[in-house]
Amino acid sequence: MPALGSQRRLLGSLNCTPPATLPFTLAPNRTGPQCLEVSIPDGLFLSLGLVSLVENVLVVAAIAKNRNLHSPMYYFICCLAVSDLLVSVSNVLETAVMPLLEAGVLATQAAVVQQLDNVIDVLICGSMVSSLCFLGAIAVDRYISIFYALRYHSVVTLPRAWRIIAAIWVASILTSLLFITYYNHKVILLCLVGLFIAMLALMAVLYVHMLARACQHARGIARLQKRQRPIHQGFGLKGAATLTILLGVFFLCWGPFFLHLSLIVLCPQHPTCGCIFKNFNLFLALIICNAIVDPLIYAFRSQELRKTLQEVLQCSW
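Take the sequence shown: its letter number 221 is residue 221 in the UniProt record's numbering, and every next letter is one higher.
In case anyone wonders, no lab produced these hints; they're calculated from the structure.
Ideal placement from N, C-alpha and C gives every residue a C-beta, glycine not left out.
Errors might be hidden in some of the hints.
Simulated restraints on C-beta separations [as the list claims (entries may be wrong)]:
id: 1; residue 1: L224; residue 2: G43; range: 49 to 59 Å
id: 2; residue 1: L224; residue 2: V265; range: 46 to 56 Å
id: 3; residue 1: L36; residue 2: R219; range: 41 to 51 Å
id: 4; residue 1: G220; residue 2: E37; range: 48 to 58 Å
Could you build the full structure based on these sequences and the hints that come with them?
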C-alpha cells in the first residue's frame, strides 16, 4: 500500500498513487487557516468496528432463527445489518493489516498488497452504497405499509422483495468496481454524492409524510375522545422527536464523508478544504457509529426481534 500517509485508506485508490500524480493533490497549507485535526486512534476504530460487528451479527442471527421475522420488512433490515457488518469488517481488516504492513510483519509482494488493497476498497465502497440503498428501501417499505395498508401484502411480496435485494447488491458491487477503476473521474464522485442526497431527500419526504398522516390519525382519535389538544401535542412531539433522531443520525453520520467527496471535486487546492480533508478519519468513525446505531433504530425496537435475540443469547451461553 504505497503512500499510506497518516490517513486511513477508505476508498484508498485516491491515495494509492504517488502524490505527484494524484488527480486531486492538496496544496501545502502554509499561509492558510489553522486546521483542527481530530485524531482517531486505531484502537478506537477496532473497538467501534467490533461493537458494530457483534450488534449486526446478532440482528442477522435473530432474523434467521425466527420464522415469524421472515417477511420483506425484516429481510430489508437483515440486509442493512449485513451491509453495516461489511462496513465494520472492512474497516477492522484495514486497521489490522495496515500497521502490520508498515512494520514489515507481513512481508509480501507489492502486487499482492495492491490486490488486497483493491479488495478492501471494493468491500468498503460496496457496503456503503448498499447501506444507503437499504435505508431507502426500509423507508419505502414503511411508507407503503402505512398508506397502502390493505394492499401491502400484494404490493410488497417476497419474490418482489428478493428481486429488489438482488438488484441493490448487484448495483452496489458494480458501483464499487466503477469507483475503484475510475476513481480519478469527478463524475464518479459526484454520482456517489448524488446517491447520498437522493437517499436523504427520499427518507425526509417519506418520513415527514408518514408523521403528518400519523398526526392526522391522532387528531381524529382525539376528536372522538374530546381531548384533542393533549393527545395531539403529545403524539406530535414524540413523532417529531423520533423523526429528528432518525434523519439527524443519518445526516450527521453520513454527511461529513460525502462533504469530503464533494470538496475533492469542488476545491481540492483550497486551504480551508484542506483542513476538512485532514479529518477524514473522523468521517469514517462516524460511518462506523452509524453501523452501531442502525440496529438500535431499525431492529432492536421490535419486540419480536428482541425476544428472539434473548433466545439466541441464551443458547450461546
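Check each numbered hint against the structure and report the violated ones by number, ascending. none
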